[in-house]
Amino acid sequence: MPRVLLIEPDTLLAATYAAALTAAGYRADCCVGAQAAITAADTARPDVVIMELQLTGHNGLEFLHEFRSYPEWQDIPIVLLTNVPPGEFAGGRAALMRQLGIRGYLYKPQADLRQLLCVVRGIVAAGMPA
Amino acid sequence: MRDEYGDAASPPVLRQDLLLSVIEQLKQPLLHISRQAELPAVSAGPVDLHRMRVTADAALRLLDNYLLGVQLGEGGGRMFATGPVSVASVLYDVGDQLAPFAKLYGVTLDLQVEGRYGPVLAHRQGLEAALASLGYALVEALPAHDTPQLTLRLAAYRCRYGVVAGIYSEVPQLTAHALRLGRKLYGRTRQPLAPVTHGSGAGVFVADALLHAMHARLFASRHKHLQGLGAMLPVSAQLQLV
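Going down the list, the sequences are from chains A and B.
If you want the numbering used here, it's the 1-based position in the first sequence plus 45.
If you want the numbering used here, it's the 1-based position in the second sequence plus 764.
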């Protein structure tokens, strides 16, 4: 069963996303913050990471840089599911996504569960051995 | 004249920044309701109507509290009359109001109003709205700190300058520095209270604005070993006789 690491500070919202992912056949591990996410990824390597950039006490971008600094996690696909709208990325969203190897960006208020599942399904399918 | 907010010292509630902060905050309950409503279409589970109702109620309260702040601020002191208010009864009512929302987030509310404080001089509705706004914001913020103890204490204590009524937790980031920084960053960044909450912190700023309109103030304080935010309320010696 593919593992999804969901980094979402709102525990209620995380439960809803996790229910949708579980029903779609993924194992969803939820974390509220950066430190817990590092520990979770260390315990069991996720196939996909879905994360909010607005975390409590940590800057989501700093977390991404740190996450990518570990050699074993450099190729784990990351999807941003965030309240930060596309126009607010300093230096451009596309450049940032390229730089950090972000595989998907979903603006939370406008991305429904079907869209999220579609993105995750595509990434997991692409990562499966032929 | 410049205040801690970094702008002209106009009542904060009238500023566009607060409205934008409230709008940003309101996206969250709407997001909850929208995704929850969509859940049965992608999973076998039923829609949680109770959860939807409680989150909608919390959003409505935030709007009402914001509107009350606007009315109090616009009135320039004429709109509201202060009177003797029992801090204990306000905290009980706030606790009642917050209970369903806190339960949803797995947060325990602990009410500590021991001692005799006597009535304080305040606008009852305004004080209740301020503490409730603060409470909703902290209930939502607390689980994101990954602390084992998800407890919020609603408490009051007497100090040299009056009575402090506030909301406290084991989160050490609830400091005067975080509040001061939040007031400076507010309106300039998406997360002015980043050490405390992942959202816009609208509830904290609405509480701040309400208290400002009542000539009181929100400040970081401690209750026993807990950190929190509270309102300093004046006690009138005359009111001690009430």
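It cannot be assumed that every hint is accurate.
If you want the footprint, here are the derived chain B segments under chain A, 3+ residues with CB under 8 Å [what the hints assert, rightly or not]: (1) 889 to 895; (2) 956 to 962.
For lysine to any residue, the following SDA-like pairs were computed, each having C-alpha atoms within a straight-line distance of at most 25 Å [as the list claims (entries may be wrong)]: (3) 791(B) <-> 75(A); (4) 867(B) <-> 845(B); (5) 791(B) <-> 170(A).
Listing some non-contacts, in silico: residues in chain A with all C-beta distances to chain B over 12 Å [unchecked claim]: (6) 87; (7) 103; (8) 117; (9) 122; (10) 142.
To be clear, the hints were calculated from the coordinates, so they are not data collected in a lab.
Note that the coordinates shown come from a computational prediction; the quantities given were computed from them, not determined experimentally.
Here a beta-carbon is modelled for each residue, glycine too, at the ideal position from N, C-alpha and C.
Comparing the hints with the structure gives:
no.: 1; hint: 889 to 895; result: violated (count 0)
no.: 2; hint: 956 to 962; result: holds (count 5)
no.: 3; hint: 791(B) <-> 75(A); result: holds, 21 Å
no.: 4; hint: 867(B) <-> 845(B); result: violated, 34 Å
no.: 5; hint: 791(B) <-> 170(A); result: violated, 32 Å
no.: 6; hint: 87; result: holds, 15 Å
no.: 7; hint: 103; result: violated, 8 Å
no.: 8; hint: 117; result: holds, 23 Å
no.: 9; hint: 122; result: holds, 21 Å
no.: 10; hint: 142; result: holds, 19 Å
Comparing the model with each earlier hint shows violations of hints 1, 4, 5 and 7; every other hint is respected.
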